[in-house]
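Hints in hand, dock the two standalone chains.
These protein sequence lines are chains W and P, in that order.
Using my numbering, the first residue of the first sequence is number 490, and each one after it goes up by one.
Using my numbering, the first residue of the second sequence is number 180, and each one after it goes up by one.
I should point out that these hints are in silico values taken from the structure, not numbers from a laboratory.
Treat the numbers as computed from the prediction; the structure is a model and nothing was measured.
Glycine included, C-beta positions come from ideal geometry on N, C-alpha and C.
Take these hints with a grain of salt, some might be off.
[As the list claims (entries may be wrong)] Coverage of chain P stretches by chain W, computed from C-beta distances (three or more under 8 Å per stretch; other residues unrestricted):
1. 219-227
2. 288-298
[As the list claims (entries may be wrong)] Below, computed lysine to aspartate or glutamate pairings styled on EDC-like, alpha-carbon distance capped at 16 Å:
3. W:K538 to P:E286
4. P:K236 to P:D250
5. P:K221 to W:D497
6. W:K557 to W:D543
7. W:K538 to W:E555
8. W:K538 to W:E553
9. P:K257 to P:E247
10. P:K221 to W:E577
11. P:K262 to P:E286
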Amino acid sequence: AQSVTQPDIHITVSEGASLELRCNYSYGATPYLFWYVQSPGQGLQLLLKYFSGDTLVQGIKGFEAEFKRSQSSFNLRKPSVHWSDAAEYFCAVAPASGGSYIPTFGRGTSLIVHP
Amino acid sequence: EPEVTQTPSHQVTQMGQEVILRCVPISNHLYFYWYRQILGQKVEFLVSFYNNEISEKSEIFDDQFSVERPDGSNFTLKIRSTKLEDSAMYFCASSVTSGSQQSTYNEQFFGPGTRLTVL
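Same shape as in the complex, but just chain P (with noise of 0.2 Å):
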């Protein structure tokens, strides 16, 4: 069955580095996602893309934060300089379409995550 991929499964940083977060999408859908989840809260949305561009996105998203699908199959979570507070479980999701339709909500798959720690 296809899934969603992320590498890598940890990573860990010093403040102020960049790091790239890595998913594999499944290979027909059109939407990507990004959500985090900081320990112990709430999985929150980050981010939407579509068509090689951002279709959506949280306050949480600000300058520090970039998406890319830099080929046919890798979809990438930038952030630029990182912070403590940065520290969360990044989850990728993709879906068919956004669900926008009069047809039924399409589902968005998750990966397994990534475990970002911030030192």
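Same shape as in the complex, but just chain W (with noise of 0.2 Å):
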């Protein structure tokens, strides 16, 4: 069975900064990879998702995340956060083929912006 592990439970960043934030997955073989956020009171929104191709992986709101098989990684990444970027985080994998396409979530990883 697939897992995702996010390390960080809270990260703090200053507006302006970069920000990268971990994701790692267990799978026996490439799966399809997601990165989530949830705003307060708001419903997970989809940031990105990786199925094949480029591993370098262009969402919303200026996000980005690179696979690196070698490491079973997906990081997301913003090159400068802005204050509205303060939210939850989730990484997500679902398996590429047969079977089921139900996303298995991390933890989350919550975002706190400081002005």
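Right under this line is the structure:
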């Protein structure tokens, strides 16, 4: 079964600073990979996804993520954080072939942005 | 922009009581899901629903849970006899398809959640 680890429960950055949120997954083959964001009072919104091809994926709101097969990682990055980026971020993995397409989520990383 | 809505936003209930959580999926979507997140833990899949029947469910989704699409718009999760450990945020989601075709994975759109507190 697949699993996702987000090692950082909280991350605090200053507005304008760069950001990297870590995600490691465990799965027997290359899965589909996702990052979701949840702002307070809102549902989970898909930021970006990786299926195949270019390992650097661009998403909404200026986010990008890089799939590194050798490290089983899919870290989320943003070059300059805005105060509105403060939210909970979830990494998720789903099998890329056969069976269930239901994503397995990590525990989430809470991003705090200081002015 | 169409969105998934959920009611109520908060529900407080006594242990042993029945609760019904309601969701209105996006209107042209065919697949519906429930997830839950216990405070401080992962978002966990409960059940998926298509064509008026359950298509997949997790180990969590035992006999105390049921889902229904009572009319053309609502999708409900019923917990028959709530336990303290059912306290969690419950998310509804919907997608156009299940993503099981050769085409790209079908994005699930999530609602804002219902926070259930069992006392």
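Results for each hint:
1. Given a C-beta distance limit of less than 8 Å, the hint that chain W covers the segment 219-227 of chain P holds, as 7 residues qualify and 3 suffice.
2. For the segment 288-298 of chain P, the assignment as covered by chain W holds, since 5 residues bring a beta-carbon within under 8 Å of that chain's beta-carbons and 3 suffice.
3. Taking the CA atoms of W:K538 and P:E286, the gap is near 9 Å; set against the 16 Å cutoff, the hint holds.
4. For the given pair, P:K236 sits about 22 Å from P:D250 by alpha-carbon distance, which is inconsistent with the 16 Å threshold.
5. A threshold of 16 Å between alpha carbons decides the hint, and for P:K221 with W:D497 the separation of about 13 Å falls inside it, so the pair holds.
6. Distance hint between W:K557 and W:D543 is fulfilled; the C-alpha atoms sit about 11 Å from each other, no more than 16 Å.
7. Of the supplied pair hints, the one linking W:K538 and W:E555 holds, its CA atoms being roughly 10 Å apart against a limit of 16 Å.
8. At roughly 10 Å between alpha-carbon atoms, W:K538 and W:E553 fall within 16 Å of each other, so this suggested pair holds.
9. Note on P:K257 and P:E247: the hinted pairing holds, with a Cα-Cα distance of about 8 Å set against a maximum of 16 Å.
10. The hinted pair formed by P:K221 and W:E577 meets the criterion: a straight-line CA distance of about 12 Å does not exceed 16 Å.
11. Distance hint between P:K262 and P:E286 is unfulfilled; the C-alpha atoms sit about 32 Å from each other, more than 16 Å.
Checked against the numbered hints given earlier, this structure breaks hints 4 and 11; the rest are met.
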